[in-house]
Structures are given as C-alpha cells and as structure tokens.
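Colleague: Residues 1 to 149 in UniProt numbering are what the sequence shown spells out, letter by letter.
It is worth saying that the hints were derived from the structure and are not from the lab. In this text the structure is predicted, and so the values were computed from the model without any measurement. Here a beta-carbon is modelled for each residue, glycine too, at the ideal position from N, C-alpha and C.
Restraint-style ranges between C-beta atoms, simulated for each label pair:
(1) 19 <-> 108: 34 to 40 Å
(2) 70 <-> 18: 22 to 28 Å
(3) 61 <-> 131: 36 to 42 Å
(4) 92 <-> 40: 43 to 49 Å
(5) 13 <-> 73: 26 to 32 Å
(6) 118 <-> 53: 42 to 48 Å
(7) 66 <-> 105: 22 to 28 Å
(8) 65 <-> 118: 39 to 45 Å
(9) 24 <-> 93: 22 to 28 Å
(10) 53 <-> 135: 37 to 43 Å
(11) 89 <-> 18: 28 to 34 Å
(12) 64 <-> 33: 21 to 27 Å
(13) 13 <-> 119: 49 to 55 Å
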Amino acid sequence: MTGSGLRSGQLADAAGVNQQTLRYYERRGLLDSPQRSPGGHRLYPAEAVTLLRVIKTAQRLGFTLNEVADLLDAGRHQHRGRSDSGLQARAREKLVEVEQRLADLTVIRDTLRDAISAGCDDLVACAESSRCPLPFTEMVERNGRADTC
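The task is simple: from the sequences and hints, build the whole structure.
Modeller: Structure (structure tokens):
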C-alpha cells in the first residue's frame with residue numbers, strides 16, 4: 001500500500017477480484033472512481049476492499065449486480081425505522097426466490113433419479129413408454145398447448 005491508497009492490483013488481490021472487475025464496478029457505479037497518483041496510478045481507499053468483499057458476497061447469495069447496487073444505495077440513504085428498502089426486506093425476498101428454486105431443483109433431482117431407475121436411455125423411446133417418469137405430458141398440459149412444427 002502506498003501512503004495514500006491501494007493501487008488497482010493491490011486492491012484486486014486483497015478483494016479476490018481482477019482489475020477488469022474494478023473498472024466494471026466503477027462503470028456500474030458500485031465503486032467510486034479512484035484518485036490518481038502524481039504518476040497517474042489509480043489509488044483506492046482501504047475501505048474499497050470491504051466494499052468489494054460485500055459486493056462479491058451479495059452476488060454469492062444470489063443478488064444480481066442491480067440488486068447489489070440498490071442495496072448499497074439503500075444503505076447509504078437509509079432512513080431510520082424503514083425496513084421496506086433495506087437488507088432485511090431484500091433478504092426476505094431473495095430467500096423466497098431461493099426456496100422456490102430449491103423446490104424446483106428438488107423436483108428435477110427426483111425426476112432424474114426416477115429416469116435413471118426406469119432405465120431410460122432414449123428420450124423418444126422413453127416418452128412413448130408408459131413407465132417413463134419424465135413429465136412430457138405434464139409440461140404440455142401446464143403450457144396449455146403442444147408445440148407444433
């Protein structure tokens with residue numbers, strides 16, 4: 001670290017991202033544009049490491065970059081007593097999405113296990129078999145129509 005901040009490479013290494021990510025986050029407004037050294041090097045404040053780690057963690061939790069930007073903005077402009085725009089409300093919404101995806105993945109997992117157990121080797125042959133566990137008919141009924149060529 002220099003006396004007045006972290007260079008791009010130092011920040012990227014400390015936060016576990018690459019330098020292109022830093023510039024992308026700057027363009028997206030997630031990371032403030034850094035100051036420049038007399039030699040033209042970008043110099044980021046030490047707090048940028050924490051901010052980058054927060055962004056990456058939020059992404060691993062399933063938040064999109066747009067959602068992360070909203071969360072950061074809500075945190076910067078947080079109104080006391082309001083829980084409709086902050087992390088609590090957004091985390092609840094994301095949890096509902098994650099639980100739905102888990103339910104969907106459970107159905108997919110179980111169906112694939114059934115297909116393996118049924119010995120399905122050919123999709124067309126399986127679809128024509130009465131013992132086929134794959135939801136071909138259910139998918140058509142759910143969509144309300146059969147696709148036509």
